[in-house]
Amino acid sequence: MTRSIERLAQVWLAGFVVVAVALSYWQVVRAPELVAREDNPRRVQAELRVQRGRLLDRTGAVLAVSVPAAVPGVRDAVRRHYPHPEAAHVTGYYSLRYGVGGSEALFDAQLRGRQSALQQLLHRPPVGDDVSLSLSLAAQQAAVAALGGRRGAVVVLTADGGAMRVMVSQPAYDPNRLDDQWEALSADPGAPLLNRATQGVYPVGDLARWIALTGLLTGGLTVPADVYGAPLETLMAPLSTLGYIATARQLGLDVAVPFPLPASAGRMPDFGGRGTPRDLAATPLHLARFMAAVAGDGTLPVPRLRDEAESAPSQRA
0 MTRSIERLAQ VWLAGFVVVA VALSYWQVVR APELVAREDN PRRVQAELRV QRGRLLDRTG
60 AVLAVSVPAA VPGVRDAVRR HYPHPEAAHV TGYYSLRYGV GGSEALFDAQ LRGRQSALQQ
120 LLHRPPVGDD VSLSLSLAAQ QAAVAALGGR RGAVVVLTAD GGAMRVMVSQ PAYDPNRLDD
180 QWEALSADPG APLLNRATQG VYPVGDLARW IALTGLLTGG LTVPADVYGA PLETLMAPLS
240 TLGYIATARQ LGLDVAVPFP LPASAGRMPD FGGRGTPRDL AATPLHLARF MAAVAGDGTL
300 PVPRLRDEAE SAPSQRA
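Counting from 0, one number per residue, gives the positions in the sequence shown under numbering that gives the first Met the number 0.
Everything labelled a hint here was simulated from the structure, so no lab data went into it.
Hints should not be assumed to be uniformly reliable.
Stated by the list, open to error - The calculated label-pair distances, taken between Cβ atoms and stated as ranges, are: (1) A190 - R277: 22 to 28 Å; (2) Y97 - R53: 42 to 48 Å; (3) D107 - D187: 25 to 31 Å.
These numbers come from a predicted model, not from an experiment.
Ideal Cβ placement from N, Cα and C applies to all residues, glycine included.
With the hints as constraints, model all of the structure from the sequences given.
Structure (structure tokens):
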């Protein structure tokens with residue numbers, strides 16, 4: 000009788016051990032996989048509790064922050080708040096419905112943080128790290144005011160390292176209202192979701208003179224006495240169209256600028272048709288990079304969104 004009870008106890012104990020191991024396996028080891036399943040309703044609940052870090056400008060001004068949200072059935076829920084929507088094309092957006100974009104996507108790993116095994120067992124949400132950007136909110140706001148509601152873009156880079164101080168694109172959008180306005184924004188002919196600073200491609204116009212002058216200087220060709228007042232035709236005479244295109248390519252205007260956010264390549268003029276040097280098309284980011292090299296030591300900086308030095312090398316113009 001005693002032996003039977005002992006065997007029964009051993010069976011029960013073994014069963015409890017198996018159950019405990021299985022629960023630990025699914026709740027700890029496989030927990031991230033289960034939460035990530037699209038058919039798991041707890042995925043949204045878990046995401047609503049993630050305490051993402053703040054996005055800050057270079058002076059510490061808050062560009063994005065998680066604030067408490069009233070969500071039925073979800074304890075400690077938060078939502079993303081953007082105190083300065085005029086920086087939307089820099090901050091990007093965070094949406095449970097439409098995903099992440101801009102700096103929210105670029106620095107998602109740091110902003111989300113990592114949940115330790117202990118936090119998982121205690122069902123505590125991860126707490127992310129703050130990310131400081133190179134953006135100057137004051138300069139950003141001044142650029143927005145200067146545009147005055149007109150369609151366009153403004154890009155300002157530091158000449159000595161390519162740190163992004165201003166990146167304005169208009170028309171813009173309010174990331175605080177993204178979920179409610181996504182369809183309207185997507186259908187808007189003004190394309191407010193498009194970042195014109197990095198993806199809009201426009202003719203360089205009179206900046207063709209600066210590009211031609213760069214070709215003369217780097218090619219060791221004769222430079223007119225009146226450098227700043229010489230017409231484009233005078234600058235192009237010794238350079239030729241082939242030299243102009245070679246210079247544009249040397250300046251990286253034919254390819255996308257190396258930048259962590261989506262960027263477009265430029266477009267060379269069709270000199271075989273009726274194209275002119277002014278028809279060379281590039282993004283505002285291309286031209287800001289070019290002017291940063293002109294203002295600096297002739298080195299094309301690699302644009303970046305943080306002030307910390309990065310490993311990407313500069314390119315000599």
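Tell me if the beta carbons of A190 and R277 are separated by a distance inside 22 to 28 Å.
24 Å Cβ-Cβ, so the 22 to 28 Å window holds.
When you take the CB atoms of Y97 and R53, is the distance between them in 42 to 48 Å?
21 Å, violated
Hint says 25 to 31 Å; check whether the CB-CB distance for D107 and D187 agrees.
26 Å, holds
Of the numbered hints listed earlier, the single one contradicted by the structure is hint 2.
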